[in-house]
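Protein sequence lines, in the order shown, are assigned to chains A and B.
Residues 1 to 409 (full-length UniProt numbering) are what the first sequence spells out, left to right.
Residues 1 to 524 (full-length UniProt numbering) are what the second sequence spells out, left to right.
Since no wrong hints were added, every one of them can be taken at face value.
Estimated spans, in silico, between C-beta atoms of each pair:
hint, chain 1, residue 1, chain 2, residue 2, range
1, B, E268, A, R273, 36 to 44 Å
2, A, P141, B, Q236, 50 to 58 Å
3, B, K354, A, V192, 56 to 64 Å
4, B, L91, A, V239, 49 to 57 Å
5, A, F229, B, E70, 43 to 51 Å
6, B, S404, A, W114, 44 to 52 Å
7, B, R251, A, A396, 48 to 56 Å
DSBU-like, lysine-lysine: derived pairs with alpha carbons at most 30 Å apart:
hint, chain 1, residue 1, chain 2, residue 2
8, B, K354, A, K298
9, B, K328, A, K298
10, A, K296, B, K375
11, B, K325, A, K296
12, B, K389, A, K232
13, A, K296, B, K328
14, A, K296, B, K389
I should point out that these hints are in silico values taken from the structure, not numbers from a laboratory.
Note that CB positions come from ideal geometry on N, CA and C, so glycine has one too.
Residues per chain, in single letters:
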Amino acid sequence: MSTTATAKKPGSDESTESIGASIRAAFTTNLRQSGIFIAFIAIVILFTFLTEGTLLTGQNVTNIILQYSYILVLAIGMVIVIIGGHIDLSVGSVVAFSGAVSAVLVIKNGMPWWVGVLAAIGVGILVGAWQGFWVAFVGIPAFITTLAGMLMFRGATYLTLENISLSPFPAEYARIGVGFQNGLLGGPGYDVFTLVVFAIAVAAYIFTQFRQRAAAVSYNQHVAAMPLFIVKLVAVAAVVMWLSWLLANNRGLPNVLIILTILVIVYTLVTTRTVFGRNVYAIGGNLTAATLSGVKVKWVNFGIMLNMGFLAGVAGVLFGARSNGAQPGAGNMFELDAIAASFIGGAAVTGGVGKVTGAIIGGLIMATMTNGMQLIGWDQSLQNIVKGLVLLLAVAFDVYNKRRAGASR
Amino acid sequence: MAENILEMHSITKTFPGVKALEDVELRVEKGEIHAICGENGAGKSTLMKVLSGVYPYGTYDGKIVFQGKEARYHSIKESEHAGVVIIHQELALVPHLTVAENIFLGNERKGRFGLIDWNEANTQAIELMHQVGLDENPTTPVGQLGVGKQQLIEIAKALSKDVSLLILDEPTAALNDSDSQHLLDLMKRLRDEQGITSIMISHKLNEIEYVADTTTIIRDGQTIETLDMSDPESNQDRIIRGMVGRELENRYPPKTGRHVGEELFRVENWSVNHPTQPDRIVIDNASFDVKAGEVVGIAGLMGAGRTELAMSVFGRTYGRHGSGKVYKRGKEIHTRSVAECIQNGIAYATEDRKRYGLNLIDDIRHNISAAGIHKLTSNGWINTNEELKVAQEYRVAMNIKTPSVLQKAGNLSGGNQQKVVLSKWMYTDADVVILDEPTRGIDVGAKYEIYTIINKLASEGKAVVIISSELPELLGTCDRIFTLAFGRITGQLPIDEANPEALMKLMTQERTAKPAAASAGEGK
Ligand SMILES: Nc1ncnc2c1ncn2[C@@H]1O[C@H](COP(=O)(O)OP(=O)(O)OP(=O)(O)O)[C@@H](O)[C@H]1O
Ligand SMILES: [Mg+2]
Chain A
1 MSTTATAKKP
11 GSDESTESIG
21 ASIRAAFTTN
31 LRQSGIFIAF
41 IAIVILFTFL
51 TEGTLLTGQN
61 VTNIILQYSY
71 ILVLAIGMVI
81 VIIGGHIDLS
91 VGSVVAFSGA
101 VSAVLVIKNG
111 MPWWVGVLAA
121 IGVGILVGAW
131 QGFWVAFVGI
141 PAFITTLAGM
151 LMFRGATYLT
161 LENISLSPFP
171 AEYARIGVGF
181 QNGLLGGPGY
191 DVFTLVVFAI
201 AVAAYIFTQF
211 RQRAAAVSYN
221 QHVAAMPLFI
231 VKLVAVAAVV
241 MWLSWLLANN
251 RGLPNVLIIL
261 TILVIVYTLV
271 TTRTVFGRNV
281 YAIGGNLTAA
291 TLSGVKVKWV
301 NFGIMLNMGF
311 LAGVAGVLFG
321 ARSNGAQPGA
331 GNMFELDAIA
341 ASFIGGAAVT
351 GGVGKVTGAI
361 IGGLIMATMT
371 NGMQLIGWDQ
381 SLQNIVKGLV
391 LLLAVAFDVY
401 NKRRAGASR
Chain B
1 MAENILEMHS
11 ITKTFPGVKA
21 LEDVELRVEK
31 GEIHAICGEN
41 GAGKSTLMKV
51 LSGVYPYGTY
61 DGKIVFQGKE
71 ARYHSIKESE
81 HAGVVIIHQE
91 LALVPHLTVA
101 ENIFLGNERK
111 GRFGLIDWNE
121 ANTQAIELMH
131 QVGLDENPTT
141 PVGQLGVGKQ
151 QLIEIAKALS
161 KDVSLLILDE
171 PTAALNDSDS
181 QHLLDLMKRL
191 RDEQGITSIM
201 ISHKLNEIEY
211 VADTTTIIRD
221 GQTIETLDMS
231 DPESNQDRII
241 RGMVGRELEN
251 RYPPKTGRHV
261 GEELFRVENW
271 SVNHPTQPDR
281 IVIDNASFDV
291 KAGEVVGIAG
301 LMGAGRTELA
311 MSVFGRTYGR
321 HGSGKVYKRG
331 KEIHTRSVAE
341 CIQNGIAYAT
351 EDRKRYGLNL
361 IDDIRHNISA
371 AGIHKLTSNG
381 WINTNEELKV
391 AQEYRVAMNI
401 KTPSVLQKAG
411 NLSGGNQQKV
421 VLSKWMYTDA
431 DVVILDEPTR
441 GIDVGAKYEI
451 YTIINKLASE
461 GKAVVIISSE
471 LPELLGTCDR
481 IFTLAFGRIT
491 GQLPIDEANP
501 EALMKLMTQE
511 RTAKPAAASA
521 GEGK
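Isolated chain B, as found in the complex (with noise of 0.2 Å):
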């Protein structure tokens, strides 16, 4: 047996009214890729916080070896010093900074004087980029960078650390399939290359399949097991009984219950331009409609439009308006303003939550009720004893796990807080919702829960609009499809007759007749 770099030995971490861990075990071989699965609010972030120093020595109880010392981190500096760099769930990098100034940030490379040396800095960022697989100009905004490539920019930044030990929590959440792909296999050539060991939390089980060594599991801040995946029986389903405690049998629900009706909503010919760069078109012609009862899917490459499609619709939150119709039930409706939106019965869940969808530092229950008010308002005064009990009404539905309704929404593990968004958008009784990425950063589990909610809105006659970059989810939740690229709606297929090739064609389909005027639109 090779030796264990890192041992976390019976890790107990309490935040008021939560226990987020108990007594959790963790061993890492040197040189592995040791995966971390386990529900929403299981405790995997807290315990790398807690092994990165964000909760420093003596907040949490229990011992830390790392590398045959005990460890006692006060801070992410120390923590960093002794070689262990975490990469959070969030990116953290500075959008105006140039990419060499984000990998050095915090870490200048100080020549004479102390004066940061420039030259020197450009050529090792382009060197460490090299590693990363990235070819680009160290003096480009990291901001005009994809996602894709942020996220390994903070590899780059975390390689200039001199790292041993590698935690990446939840790194491909936000990255399409081939820019996943291309972190994975960097995963596995950093270990092999250069030796160094990787923590990897996800909720993609295929790719844990795929990376890792070994796959600890943690269920409600305690360790479950632990898996080596080379056995042949470590496989997803595998996981997944570790991690809910039960057989799995579906990743989605049947669709039964669901009757197709008449058309409810339609977008026709929807136009709308950048909104800094005037003459640049982001989405060009776009018609799309779902009908009551009916799950609509737009599947589409990062860049096409997807959400700039949704945001501009709903009440111009993106770009500048060119032109287009929208109607409800057949008849043309105005969606100017969110509020107009609201009252039309339309809702949107957006794709960010901590950015977009929530105001962290209010508790659970404003939250909820943010979109809704004006249904617990009578004569301008809000009761706020039955907004209480709708919040209350909503954890249980819903299954928000925590204490109680009182707690900030910040302090939710980030399944939790889409499910908060989802409550939120319920309550305005829309009959059009529009879920981009309803899944990000979800457990299989609570997957299957808004899958479940999603049917239900569908078997209510709601008509629901799915956006999300992971074909399979929309495969198995929609009855039509809508394909989305360059800003066009380049085709549309019914279930019966998507697959992931049909589709991947036309979601890459250029356009014919004009050249590419609108390139890939990467977000603002």
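Just chain A, with the same shape it has in the complex (with noise of 0.2 Å):
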């Protein structure tokens, strides 16, 4: 059929909001996402003051994105098994299998560094493989399935590894987990080039920023209001160019920041502008409408599950570098934190809803937190106490919500 669209100018008043109508959407429409950004500051900043500054020097912010990066790994593939309407309980045996598997070729039979890696990655696809079997083609929830998965992987990893832990690594597989990129264009105290990278990267969002933004004036979308944009993108640049100061004065740009920045990316477009992701959005949101709408339920189901072995596979990498070995008992209830990090993060319980940059402020608020209690030295049962309680208010507060969005005047 043939329609025409309303022709308004570009840039008239009716797609640019006005200030005030900008930010009275962030605090109405977008609160949920608004709200997990000011709780992340709010605890960035809790910290900063109950840790006495300790929670923002080099050394730490470099210590959080060394130690949780497998966690954030995680929590991408677990925010897309979220949306799809399922679960993956299997995730931590599948990131220890991994790396047993991994650590036995290299350590053991002295086999390339690189080897282990793609031995790693391969075994996670493969187990992702397995388990989507399971869930899409034979129709086995995936609760269930992995919930097996969880159990038979940590017994693999127990074979494989013959009850003993293995260590260490050649040097080249640990500099993937703690390795960093400095010193190649020098800098006086200060590492030079990881300050380069961060403006190279700030000023390419900034770029997009500002092209996505004159698209959609010429698409007559809304967008906010122009000051409150440049604030935005004002605000971005600071926090990240501060970031990358603290990195510089201390080691400089970790690998696994690297690894993680690419995932993020590659990630949120696969989520957003491929077919595939939103296919898991509409198999999560309606089922049957999605089957009846032409949708391949049973392959995007696949998928969802293979991408998740494939990160758990990558994060079994991270972990064995940065354990510098493997351990019978690694990665016991990373499914958990990955799964927190996904609903702290937005996702919704009953499926078709949820972010990968959601999930990655999900894990990073995580992580400050546990990093922040260890610092201030709280007892692990209490880590565990507060961490609980916060994923259970993140829901409510989601829940609760919704109740008002649907009420609200």
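Dock chain one against chain two, each of which comes alone in its own frame, and use the hints as you go.
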């Protein structure tokens, strides 16, 4: 059929919101999104005080990145699983298993480090395919399939490692997890290279933001008022450059941060701009409607699980590199951290809703809290109670919000 | 003048970006049947949700006076306690629970020690069912009953709560004519025998004419007028004028510009078995065809297998495939999956939008692009700007009432949701379009718009198949009508030979040769 768009002139007042409207939108329609950012900032400030500034030293920020990268990688996969209406309880065991295979090849059998890396990722993919097969084609709920997987792959880890830990990895392997890019451009007491990389990234970010805004305006879509838009960009740029300053003054740019950034960009695009991503939201939102709209549900489910396996393999490499070896008990409870990160980041328990960036922020909230509490010297038991409460409150906030949105005046 | 059981004064209710109600006034006399009419999205359901505490006191402006007292309900429980019971647009029964369990859900008859006394409950359930003219075993799971009976169970449930004001939101939308008639008569009986006041929302104006004592018309969130239905002036045309604000000359647009051409689509000897009872035949050797530029209707009673036929053809989304072939332009094609159907230019807009048609938690934009997403994709990437543009174009072309296509589909009124479903399928550029109950729950004005769209599709040389339980609709839009009874095609009539009596006769034709193995397949 032929339809004609109502042509408005680009940049007219109708598509650009007033400042007031933008702020209001941030607090009403986008409350959940802005809420999680605000919560994150609040938690950072709180723990900066409680730790008397230690939280935000270059040393500690570097540490947080190294220590939680694998949880963040898992959270990316997990939020996609959750959007699709599933859950994956096996990721901790898969991290351990893929790391174990890798360690046996490299440490025991003396294979080159890259064989170990590929093997770990390969194991992750195979496990993903295995679980995907049961979930998608046999129709076993993911909860059950991955509960079984959690047991099976933990068992497989013990078998592979013959109940003992293996270490150390060759330096190249370990460098993936604990290495840095620095010194390439020298620098008087701080690493110029790190600063340059970050500056390029910020410039690219600002460029794409402007392009998106221009596109949105030309398609007559509502955009935030210009001053607010600028304020947002400046704020993001400032925070990121400050972070780079911290890193540059410490050991430079962590390799895991590069890997993580690439994954976040790729998966943000996958979820928002590809048919696969769209299909994941569709089947999580209404399975029958998706089927009747031509979504190949089985293959999408298979893809979701396969991808989770792949990312668990990647996390397995990062964790192995960081801990410089493989332990039979590695990765215990990682799945719970990843699930918690997704839900804190705004994923809906019933599926169909969630964002990769949300899960990352959710993961950072968990990371900041855990690290902060460790710095203060709180007991592990207390840490768990606090983390549990935060998860509960985050979801409760969501539920409350939804109810309010329905009944709002 | 009799006293008013309910007065609603200047009710205003806004959602983010939408003013759903503005200074609405409603007065309902004790013991009357009061109809509320209005276009899709006019605010009818919202008004009833305000009244029944779904939107609690404080989330709207205005004043409600019920039985002389100001009402400030904070929840449905509170309004029910006061005697206001609402039966929502979508049935809210739990299919796996029994009739009695459903009737007393949330209102359990407790005996000693606070345990439920099931004997007592079942006996009372029988009594309540009797009041609504049902004779079912109280221990039957509700899911096994037809929609018509389920609707009556909803009313029995309401009666169990000592209702004095019964609100029915489009109660007959999913019912066939005889079930509807039964329900309307029941409303009259409840009024005359028990003095129960009812408020009924409906888009079926003939029903309103039949049952209502008074009609209030709402347009764009405002009360337009209240008509006394005993006044002979208050006929259907009068109501339509109030609803749409102008005269609507015809209910159906003229079938101009149609040129019926070659055969475009044909289904031959199609047989399908029940998904869980493999030896039950639901569709038995059905054949039908539709030509380019032609609109073909499929008429059948509830349970005849209309939806089952369509869904089994459309990507085998229903039942177990038995046998049969599908042809397009004379060449055999396969329709084994929905994707294959879309590729072959076949579209099927489902009957139940909420359950099968839309992703309610996603926005309108994504719903519109869902089936035709390949058109927006290059190298695997979706052009999201283009997607937005497409959605906005359809919003304008289909007159979808919403401030923005970024609104969630679940926030739309029923009729507008249907337009989103239609937009989705029109965007796939299909040339065989199967529409299952395309105007269920849709107001007269929007119906006219949808008929116009159907006309347009036909005049573009597409083949349209309409499944509908409203015979006038089929007679008003189709060129040819097939009848389906007990899973078999029992005949076809060209439009100039078709009339309700002739169709009805074919629609009720029992099978002659074999005994009725495929007794009315009531859904799944
Ligand atoms: N929860 C909500 N959030 C936002 N907008 C809403 C919400 N509920 C309803 N609306 C909007 O309020 C208006 C009135 O909706 P309502 O459901 O009352 O219409 P209706 O008269 O019952 O229509 P129909 O005949 O199609 O059922 C519509 O524009 C609808 O989009
Ligand atoms: Mg309604």
